[in-house]
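Asker: Given the sequences, and given the hints that come with them, work out the whole structure.
Quick note, the sequences are listed as chains A and B, same order.
Counting in our numbering, the first sequence runs from 1 upward without gaps.
Counting in our numbering, the second sequence runs from 1 upward without gaps.
Simulated from the structure, these hints should not be mistaken for lab results.
It cannot be assumed that every hint is accurate.
Same chains, same names: a pair is fine if it fits in one copy or spans any two.
Unchecked claim - In silico SDA-like cross-links for lysine to any residue, where the CA-CA straight-line distance does not exceed 20 Å:
#, residue 1, residue 2
1, Lys147, Asp84
2, Lys74, Ala131
3, Lys177, Asp150
4, Lys147, Asn52
Because the structure is a prediction, the values reported are computed rather than measured.
There are 2 protein chains.
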Amino acid sequence: MSGKSRAAMMEETRAKLISAGRKAFAEKGFADASMDDLTADAGLTRGALYHNFGDKKGLLAAVVAQVDGEMAAKARQAASGAEDTWAALEAEGAAYIELALDPEIQRIVLLDGPAVLGDPSAWPSQNACLAETRRALMALAEEGRLKPVDIEAAARLLNGAALNAALYVAASTDPKKILPRTVEAFKALARGFLAT
Amino acid sequence: MSGKSRAAMMEETRAKLISAGRKAFAEKGFADASMDDLTADAGLTRGALYHNFGDKKGLLAAVVAQVDGEMAAKARQAASGAEDTWAALEAEGAAYIELALDPEIQRIVLLDGPAVLGDPSAWPSQNACLAETRRALMALAEEGRLKPVDIEAAARLLNGAALNAALYVAASTDPKKILPRTVEAFKALARGFLAT
DNA sequence: GAGTTGACATACGGGACGTATGTGAACATT
DNA sequence: AATGTTCACATACGTCCCGTATGTCAACTC
Chain A
1 MSGKSRAAMM
11 EETRAKLISA
21 GRKAFAEKGF
31 ADASMDDLTA
41 DAGLTRGALY
51 HNFGDKKGLL
61 AAVVAQVDGE
71 MAAKARQAAS
81 GAEDTWAALE
91 AEGAAYIELA
101 LDPEIQRIVL
111 LDGPAVLGDP
121 SAWPSQNACL
131 AETRRALMAL
141 AEEGRLKPVD
151 IEAAARLLNG
161 AALNAALYVA
171 ASTDPKKILP
181 RTVEAFKALA
191 RGFLAT
Chain B
1 MSGKSRAAMM
11 EETRAKLISA
21 GRKAFAEKGF
31 ADASMDDLTA
41 DAGLTRGALY
51 HNFGDKKGLL
61 AAVVAQVDGE
71 MAAKARQAAS
81 GAEDTWAALE
91 AEGAAYIELA
101 LDPEIQRIVL
111 LDGPAVLGDP
121 SAWPSQNACL
131 AETRRALMAL
141 AEEGRLKPVD
151 IEAAARLLNG
161 AALNAALYVA
171 ASTDPKKILP
181 RTVEAFKALA
191 RGFLAT
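Answerer: Here's what the structure looks like:
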């Protein structure tokens, strides 16, 4: 058992490249990240990258999909403890705001991602975060607790509000103080969707 | 009166460069816009651009400031006809959503702008759109019609929701059909800030 | 055991950005 | 009014980086 299967080897190089790309994109931004550098960091060359991901944007897409998936998982976990469907939606939104305080997430998912890959709803990763919010809203709609709004639009509005607000919190001089206020404001805002 | 003053000449070249940059950035995106090409389009060379704007990002900042100012002006105009302070806020939000359907605005202000220049609240243009929303919210707060939320955070949430929703509308297969639903959803959402 | 496939490395060309240097017209100075 | 200076802009150069085309070596097939 000295080696591994062909497919396993390839998965390993893909993982190494994604990891190196994630670090480089987070630290330098997509535009200033050199593929020569990040592939060398992974102990490889650009050849491996082009073979596995097609081009620089392809690597970013893979990185975004990974980070996006992690975000959705954490949001789901945050919502899992809620007693109530509505509380779950609020918890998810709050979780997104807090998650987006991470510079890595801001740079990769909120700034470079949309600019390079286009609108998030068109991403190959199918935007797991958005799907999570949509799911929560549909559950509420079935319970009859929502105003008669378009679910898809509502999900986009909530997600956009949360993630954008996080950029504001992170850019502020005192994030720790502003975060709770922002989360409260988000909860107040979200209640606009509640049936009266 | 054959010529113009020195300062007037410089303003003219700045205007020509901004105009050419605006077109190039809108059509090709920031990354794929060639400074050789866009300066030639303006009948100039890269020398003029570096002299006036420092670098490529400097030109983008100037373009963003111009577009952002135009957006705020239109939003203010849309709100001017409202009978009521709250109706004005709703009208502004709706105006942002509709404005953001313009591909030029999407590309420059919503996608490349944040990615290249960083968080909008830190822009030199001071984000006229955001300022407009903040103004409307403060007026409402003085009238006592707002829940006790942080104004700054609320402005960011509303703006983020509106602009992000516009990306969704524009990316949809049938924007004309989805736009009114999205605007309605936005109005419902915004009511979350209204005092009960 | 020879041929083929495929994952990855190396070599090459083109393009774009930023800087350093040049230039000619307007303004100041005497 | 003539000369020196400034400055807005053009030109020339070096450098970096992406994408492709080509090469290579191990693994699998027959």
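Asker: Of all the hints given earlier, name the ones this structure violates by number, lowest first.
Answerer: When the structure is compared with the hints, only number 4 turns out to be violated.
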